[in-house]
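Undergrad: The residues making up each chain are set out below.
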Amino acid sequence: MKISYDWLKEYINNKDLPSVKDIEERVSFDAFEVEDVQKVGEDTVFDIDVLPNRATDSLSHIGFARELATLYNFQIKDDPFPVKIDDILSQDLPISDAISISIEDTLYNPFHYLVRIKGVKVGPSPQWLQERLESIGQKSINNVVDATNYIMFALGQPSHVFDAGKLTQKDGQVGIVVRHATEGEKVKLLGGDEVELNKDICVLADMHDATKRALDVAGVKGGTPAELDESTTDVVITCAKFNPTMVRKAAQHIHIRTDAVQRYENDTPDILARVVVQKVTSLIQELAGGELLGYAVFEGQVRKNPEVTCNLRDFEKHTGLKLDMNKAKDILRRLHMDFTCDDDTCKIVAPWWRDDITIPEEVYEELARVYGYRNIEAQPLPPAHTKADVLPNFATISHIRKVLVEEGYFELYLYSLVDSGSLKMANALNANKDYLRENLHNGIIETFDKNERNAPLVGEYDLVRVFEFGKIFKPDSEEWSFCVGVRAIGGKKKSARSYKELMRIRNVLQDKLGVTLPEPKIGNEYIEVPLGDIMNDDTSSSYAFTKPVRSGVKYKPLITYPFIVRDIAAWSTNEGSEEQMRRIISEHGGELVKRIDKFDEFEKDGKTSIALHIVFQSDQKTLTDEEVGEIMSKIEENYKKEGFEVR
Amino acid sequence: MSQPTIHPLSATMQDIVRIFSKLDFTLAEGPEIEDSKHNFDMLNVPKDHPARDMQDTFWLPDGRLLRTQVTAATARYLESHEPPIRVFDIGRVYRNEATDMTHEAQFYQVDGFVLGEDINLAHLKWTLETFFEELFNGGVDIRFRPGYFPFVEPGVEVDMRLRGENVPLKLRNKWVEIAGAGMLHPQVLANANIDPSIWQGFAFGAGLDRLTMLKYEIDDVRHYYRGDIRFGGQFILESK
Chain A
1 MKISYDWLKE
11 YINNKDLPSV
21 KDIEERVSFD
31 AFEVEDVQKV
41 GEDTVFDIDV
51 LPNRATDSLS
61 HIGFARELAT
71 LYNFQIKDDP
81 FPVKIDDILS
91 QDLPISDAIS
101 ISIEDTLYNP
111 FHYLVRIKGV
121 KVGPSPQWLQ
131 ERLESIGQKS
141 INNVVDATNY
151 IMFALGQPSH
161 VFDAGKLTQK
171 DGQVGIVVRH
181 ATEGEKVKLL
191 GGDEVELNKD
201 ICVLADMHDA
211 TKRALDVAGV
221 KGGTPAELDE
231 STTDVVITCA
241 KFNPTMVRKA
251 AQHIHIRTDA
261 VQRYENDTPD
271 ILARVVVQKV
281 TSLIQELAGG
291 ELLGYAVFEG
301 QVRKNPEVTC
311 NLRDFEKHTG
321 LKLDMNKAKD
331 ILRRLHMDFT
341 CDDDTCKIVA
351 PWWRDDITIP
361 EEVYEELARV
371 YGYRNIEAQP
381 LPPAHTKADV
391 LPNFATISHI
401 RKVLVEEGYF
411 ELYLYSLVDS
421 GSLKMANALN
431 ANKDYLRENL
441 HNGIIETFDK
451 NERNAPLVGE
461 YDLVRVFEFG
471 KIFKPDSEEW
481 SFCVGVRAIG
491 GKKKSARSYK
501 ELMRIRNVLQ
511 DKLGVTLPEP
521 KIGNEYIEVP
531 LGDIMNDDTS
541 SSYAFTKPVR
551 SGVKYKPLIT
561 YPFIVRDIAA
571 WSTNEGSEEQ
581 MRRIISEHGG
591 ELVKRIDKFD
601 EFEKDGKTSI
611 ALHIVFQSDQ
621 KTLTDEEVGE
631 IMSKIEENYK
641 KEGFEVR
Chain B
1001 MSQPTIHPLS
1011 ATMQDIVRIF
1021 SKLDFTLAEG
1031 PEIEDSKHNF
1041 DMLNVPKDHP
1051 ARDMQDTFWL
1061 PDGRLLRTQV
1071 TAATARYLES
1081 HEPPIRVFDI
1091 GRVYRNEATD
1101 MTHEAQFYQV
1111 DGFVLGEDIN
1121 LAHLKWTLET
1131 FFEELFNGGV
1141 DIRFRPGYFP
1151 FVEPGVEVDM
1161 RLRGENVPLK
1171 LRNKWVEIAG
1181 AGMLHPQVLA
1191 NANIDPSIWQ
1201 GFAFGAGLDR
1211 LTMLKYEIDD
1221 VRHYYRGDIR
1231 FGGQFILESK
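First to last, the protein sequences are chains A and B.
Just so it is clear: in the first sequence, position 168 is 168 by my numbering, and no numbers are missing.
Just so it is clear: in the second sequence, position 164 is 1164 by my numbering, and no numbers are missing.
Just so you know, the hints here were simulated from the structure itself, not pulled from any lab data.
The structure displayed is predicted, hence computed values, not measured ones.
Don't take every hint at face value.
With the C-beta cut set under 8 Å, the calculated list includes, among others, these residues of chain A facing chain B [claimed, not checked]:
1) P110
2) P380
3) K634
Chain B residues, not near chain A, derived (Cβ > 10 Å throughout) [said to hold, decoys possible]:
4) E1029
5) D1035
6) S1036
7) K1037
8) D1118
9) A1122
10) G1138
11) E1157
12) R1172
13) N1173
14) V1176
15) N1191
16) A1192
17) D1195
18) G1207
19) R1210
Straight-line Cα separation of at most 27 Å, DSS-like style, residue types lysine-lysine; simulated pairs [stated by the list, open to error]:
20) A:K547 / B:K1047
21) B:K1037 / A:K554
22) B:K1047 / A:K317
23) A:K249 / B:K1174
24) B:K1047 / A:K304
25) B:K1240 / A:K402
26) B:K1047 / A:K249
27) A:K39 / B:K1174
28) B:K1170 / A:K547
29) A:K556 / B:K1170
30) A:K554 / B:K1170
31) A:K474 / B:K1037
32) B:K1240 / A:K598
33) A:K322 / A:K347
34) B:K1047 / A:K199
35) B:K1170 / A:K21
36) B:K1037 / A:K547
37) B:K1022 / A:K387
38) A:K492 / A:K424
39) B:K1174 / A:K556
40) A:K21 / B:K1174
Each residue gets a CB set at the ideal place from its N, CA and C atoms; glycine is no exception.
Excised from the complex, chain B in its bound form (with noise of 0.2 Å):
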């Protein structure tokens, strides 16, 4: 019998579900099949935006559509608490794109925000240098530029340098791009009937596939989802 091995995308769920239930965040999940008005109208992406076509959505005849981002059940979960929150979700999207190395038109993301009294873009960056340091097991640095998101407002771009030995070579010392995120949008809280003038915090998401691909430098996202023994055969457990 062979060693314990685990499939990458699990490792990088426990680490992410490792870190972020350390600094006390709920793990959250909502639905793959969405509707309209947690994927788009409630976070701020009105109908005929420009905005829409910034994602390719899987259509069901019924008007129904495949969650394109996760932070669909963000929205989900603002409308059904109160705040103050601290909440991350990690789920499966889709998007109806042409597949290549570095696309799939069904990957993993995770997506995370904390809403308080005073909660800004200071907490935020706190926040991701403690999550990729801790995923990456390496120093961090982090940068932010300017972004746009329709749900958050200002709207970041988050790269991040990874520093150490135990940084793959190819990230080492190098800024990539790795996360959005942003102020979560007064009209976002308000469609959660949340009062954006006592309430407000940060909110961020990214690509667990990427990450993973980053972590243990996989060229091609399309081997994740393949069942081939040998891809998740080659990530064996420590074993003490």
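Here chain A stands alone, though its shape is the one from the complex (with noise of 0.2 Å):
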């Protein structure tokens, strides 16, 4: 919800009103999240994240600034909104035979107001209410217009203006039904769409016409039919309360959504539109004039908020934080509750337009927000009851990772939702990626070409060896899975090789844990189980931890450009040669050594065999082969002068 600073003076006092940095930083803190914050012209709007818990009340500019005076302790300046309900109910409103109502479903629209006024002048809004839409994103349209958007943005309750001389008259009066439609009517709605409707949705029709057309979609839009033009000169302001739920589905079926459904779907106050449709009345004659003719109502019972009950030790208890009873009268009058308390307990009526407040926890969020959280001082928690109890799954698979981590297997976490399987989204947004997993190896084996080329870059030269946990899916089961997946490296005999190393892998699980894999099977590259087929009474009872990631590790980009390997081995006669030859590697690739790893070392007559792979790459470029040439034969020539034979 965008709020413009300016606005706000409508509702506060200068003398009141904190300033731009301090709403900022305040508001953070205590109310709402401040998510962004923009300079308009000479003006400042705040985007405000305000959460279905306060959107019924702080989706306008009034519930914003209350919520200042809430938090600054200050009055609201000429506040649109009598306290009691009552005061708003005795306030009469002058009904006339020129416009009337009649409502089908009262469920659906428990209370309406409809107003006519004669002679209006259609034309532009005037400066300043044309720069307060602006300021907040929203288009200037006309005067009569302008002035229904100005009050939902400054009240929180939407209204509508039709064009009455385009409605049908009996006896000089027009009117409003509001009805179910049909299903599959179809209305063409304000901006040029037409949509279908079903006969859950209800319509605001023209009363006297014999076919009863609809003229606006009841708490979404309005439609074409009675649409204001600049000859318009009579008009029924329509000023209502629908029910959230049945107008969020309406707005769903239709696709259209607005500021209205936002407000309408958030359950508006019930006596919200009665206090609204006066000031649209008023401004409306303000900016375009005419003559009030008057009012055609229908209203149900209004509902009242409940008694709720609150007790300050409950609230320490539940909170941490200590209040007492004067700071805790002080904050609940800021907030226009209506309370009588003892010593510490108060009944509390929360004013209308806070209708979330129906148990005794709100009231303490109410409390310990405006108090500050800020002031909660941190308390450890009491000895447990019991022991904790160790989860068989996650116990397993920290075996199984421990084992195979400390083997120089990686580990994948792999995507559930892929191309194919047996169990398909109804609404996934991706094509490509709405069936769920029914396996672990396919994600695995599509994942082997890459790592197979990249191997080198992570000290691999000869297999690939993976391992993945994870949930796999079938219509009518969910399962944790186990695969280990291994890709020879180049050369000859891929299966033979694989197949050797799953072998390995299999016998090192069954002696480190007792865990029994089935055999691969031939030509395979992995062995998949059900977690559940493995797992034993040792795993399952305790879990074991690697060591920890070594100290500042930390993510470097990987690099795009591809990478060399050369290979370097030489003799040596004496001890730390390997350091030496490191070094001079190191010394003369400089950046572009990103690993060496030692792939051969044995002894013959006296003398050390070390065998070196060497990775070049570069940040920045693909490296050529007589670049990487040059630094080798540096390296070479370095080595000689070590005396190290090159073999």
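Using the supplied hints, reconstruct the complex from the two chains, each of which is provided in its own coordinate frame.
TA: Given below as structure tokens:
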């Protein structure tokens, strides 16, 4: 919700209005999330994230102003909302025969106010109104339409205006009937969309028209039949409360979402329409002139907030905050709560614009945040009643992971949603990832080619060895699966080499954990098995942890340029030769040397042969064979200087 | 052969299991395919309520869904166990939304809750301070801001500020939004047949992928799930 700082001055006296910076900070800590603050001309506009629990009262400038009044403890200027419902109801609305209302479904539409004004002059809005609307990203249309929009963003209640001249008259009277649509009924909306309704959706219709044609989709958007234009002189204002669930469903069905829908679906207070219709009426008359003929009213039973009993000890027990009764009453007063208190208990009724306050915990939240969550002092948990249980699945996973990681295997986490399977999503956004995976090995096999190519970058030259634990899905089941995968890198006899390693790791898991994996099928580069099939008492009863990640290790972005591997083997007769060899390589390769891995070492005739893979890669570009060749020459030269005999 | 390495998500999960086991929290889990009852209804998110818009859901044709929050597992635990309870869950959750550097359609969450006779926000603060101190290996300040989640009341957004040399420079001494939390809503307890006039407690939840991102300065969450050994291969374990 966009809130204009200047607009707030409508409801806040200058002496009380905090600075922009102050508001930004304070509101973030004690009320709502401030997503953005923008300068718009001379004004500043806040973009506030109003969450569902405050959407009833705070999707408006008065709501936001009131929140500031609570936090900073000042009074609203010329408060547009009388606090007592009875005061609002006792103010008579002049009823007129010139306008009539009929509601077919009072569950859908429990409160409805119509006003007829004759002799308006539709034209451009005054400067101040245009600026106000534009500051919050709304377009100015004309003085009458703008008045309704302005009031919606000011006070949180939508309203709409029809051209009475386009409605069917009966003895000088026009009327609105709120009826259910017929299945498939079409309505052309303002702005051009034609929508098709179902019988659950209500429309505002022309009462005296033979076909009762629809003028507006109730709670959602106005239609074109009674649209205002410059020739309009006779208007009907409609301001109502609609059932939140029904409006939400209607909007979803026709795929139209408006600012009005957002307010209705969060359940506008019952009495708000009555308060607002009068404001809209006087604003339209102020801007466009005209003579008020009168009202037609349908009013159900106004819901009153329940009495909630709260207790200071209970408050402290829930929040860890201590409040004395005076401070508590001060906060309740700021919130316009109606209360009677004794020493430590208060019976509270929230003001009508806060219909989210129905249980003590909701009052505690108000007290806590206004008092300030910053005042909570951390309190250690008391000793636990029982020792924690071990979760067998996680325990088993942790044991197997530890063994495999120590063997140099890489763990993978792959996608649950893939392009084929037996369980399909009804509404996946990505059409290539709309089936739940039925196994892990498909995903693992897909990673082999790229991992085989890149293996030297992680120091692997013979085998790519990976594993994954994850859920697999069939229409009637979901289970933990474990898959270990081995791809032989380059060379010949790939499947024999994979098979050999898979059998080896099978033995390792058997020896270390008593875990028996099935044998890999010939030709398969993996073994997959349900976790439940291989768990045992030992793996299930405790957690195993690998050593921690080395201190200071941080992610480094993956380099997109190709790498080149060169080998160098040399004889040496000294101790510590490998270190020297590595030093020479690093010195002459510099940043281009990404890895040095020893792949062979043996002794013969009193000499030691040490063979190293060197992985060259540039962060900036693709290295050429020549560039690498040059570096290798220098390395070989320096090897010779140290007395290493290059093979 | 290269040195032992660990996928950073596993590293974080290990850390979390270690930290909470020490505090005597029991690890629980729940199914990834959930029903509306546990993912929404029991957590005080009624049908046709705007709060359901807060998360984009993957629906199955038969009315089941992929859980959008691991708190669904919390709902299951609450309905099948008697208080006092001290539990945490770790699990994969799903959101049907477009992906980018900080959003994936699947990710991990960690959730925790303590239910007792007088467990409150002060205990929550201590628990979170302890958790983040150990996870990030530094001094921690925690602050609460007003928040809203349907299953807690009061609800808070949790920010943390880390101090110390072991903390990544980008995070050091800066406030970062890190978790959601609050007191379990009495309706949620009642839905699980737990008497809210006797039992009360806090719940908190955080995105594990994000915690890991912050700890290791990973720039794109999609790296976690690409199956590229060059990614996991960076996270070398201590040798001694």
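Undergrad: Compare the structure with each hint and give your call.
TA: Hints, verified against the model:
For the restraint placing A:P110 at the interface with chain B, the shortest Cβ-Cβ distance is roughly 17 Å, beyond the 8 Å limit, so the hint is violated. A least Cβ separation of about 5 Å between A:P380 and chain B falls short of the 8 Å threshold, and the interface hint therefore holds. The interface hint given for A:K634 is broken, as the beta carbon of that residue sits about 26 Å from the closest beta carbon of chain B, more than 8 Å. Its beta-carbon lying about 6 Å from the closest one in chain A, B:E1029 breaks the requirement of being farther than 10 Å from that chain.
Its beta-carbon lying about 12 Å from the closest one in chain A, B:D1035 satisfies the requirement of being farther than 10 Å from that chain. Against the 10 Å criterion, B:S1036 stays outside the reach of chain A, whose nearest CB is about 14 Å from its own CB. With a least CB separation of 16 Å from chain A, B:K1037 remains clear of the 10 Å interface cut-off, as annotated. At roughly 5 Å, the least C-beta separation between B:D1118 and chain A is not larger than 10 Å, which violates its mark as non-interface.
With 10 Å as the threshold on Cβ separation, the claim that B:A1122 sits away from chain A is violated: the shortest Cβ distance comes to roughly 3 Å. The non-interface label for B:G1138 is consistent with chain A: the shortest C-beta to C-beta separation is roughly 12 Å, beyond 10 Å. With a least beta-carbon separation of about 7 Å from chain A, B:E1157 fails to lie farther than 10 Å from that chain, contradicting its non-interface assignment. No beta-carbon of chain A comes within 10 Å of the beta-carbon of B:R1172; the shortest separation is about 13 Å.
No beta-carbon of chain A comes within 10 Å of the beta-carbon of B:N1173; the shortest separation is about 18 Å. With a cut of 10 Å on Cβ distances, B:V1176 stays outside the contact zone with chain A, its closest approach being about 14 Å. The Cβ of B:N1191 sits about 14 Å from the closest Cβ of chain A, beyond the 10 Å cut-off, so the non-interface label holds. With a cut of 10 Å on Cβ distances, B:A1192 stays outside the contact zone with chain A, its closest approach being about 16 Å.
No Cβ of chain A comes within 10 Å of the Cβ of B:D1195; the nearest lies about 15 Å off, and the non-interface call holds. Here B:G1207 stays apart from chain A, with its beta-carbon at least about 15 Å from theirs, past the 10 Å limit. Even its closest Cβ contact with chain A, about 14 Å, leaves B:R1210 beyond 10 Å, as expected for a residue assigned away from the interface. For the given pair, A:K547 sits about 46 Å from B:K1047 by alpha-carbon distance, which is inconsistent with the 27 Å threshold.
Of the pairs offered as hints, the one joining B:K1037 and A:K554 is violated, with about 41 Å between alpha carbons and a cut-off of 27 Å exceeded. About 32 Å separates the Cα atoms of B:K1047 and A:K317, which puts this hinted pair outside 27 Å; it is violated. Only pairs whose Cα atoms come within 27 Å are accepted, and A:K249 paired with B:K1174 is rejected, the gap being roughly 43 Å. In summary, the hint linking B:K1047 to A:K304 is supported, as the alpha carbons are separated by about 24 Å, within the 27 Å threshold.
For the proposed pair B:K1240 and A:K402, the alpha carbon gap of about 15 Å is at most 27 Å, so the pair holds. Restraint check for B:K1047 and A:K249: the C-alpha separation of about 11 Å stays at or below 27 Å, so the hint holds. Of the supplied pair hints, the one linking A:K39 and B:K1174 holds, its CA atoms being roughly 25 Å apart against a limit of 27 Å. Distance hint between B:K1170 and A:K547 is fulfilled; the C-alpha atoms sit about 26 Å from each other, no more than 27 Å.
Distance check on the hinted pair: A:K556 and B:K1170 sit about 15 Å apart at the alpha-carbon level, within 27 Å; holds. Annotation: proposed proximity of A:K554 to B:K1170 holds, straight-line Cα distance about 12 Å (limit 27 Å). Only pairs whose Cα atoms come within 27 Å are accepted, and A:K474 paired with B:K1037 is accepted, the gap being roughly 21 Å. A distance of roughly 21 Å separates the Cα atoms of B:K1240 and A:K598; the hinted pair therefore holds under the 27 Å criterion.
Annotation: proposed proximity of A:K322 to A:K347 holds, straight-line Cα distance about 19 Å (limit 27 Å). Taking the CA atoms of B:K1047 and A:K199, the gap is about 20 Å. The hint holds against a cut of 27 Å. For the hint pairing B:K1170 with A:K21, the CA-to-CA distance comes to about 24 Å; that is within 27 Å, so the pair holds. At most 27 Å may separate the alpha-carbon atoms for a hinted pair to count; B:K1037 and A:K547 exceed this at roughly 40 Å.
Taken as a hint, the B:K1022 and A:K387 pair is honoured in the structure, with Cα atoms around 10 Å apart against an allowance of 27 Å. For the hint linking A:K492 to A:K424, the alpha-carbon distance of about 40 Å lies beyond 27 Å, and the restraint is violated. For the given pair, B:K1174 sits about 22 Å from A:K556 by alpha-carbon distance, which is consistent with the 27 Å threshold. Distance hint between A:K21 and B:K1174 is fulfilled; the C-alpha atoms sit about 19 Å from each other, no more than 27 Å.
In summary, the structure is inconsistent with hints 1, 3, 4, 8, 9, 11, 20, 21, 22, 23, 36, 38 from the numbered list given earlier, while agreeing with the others.
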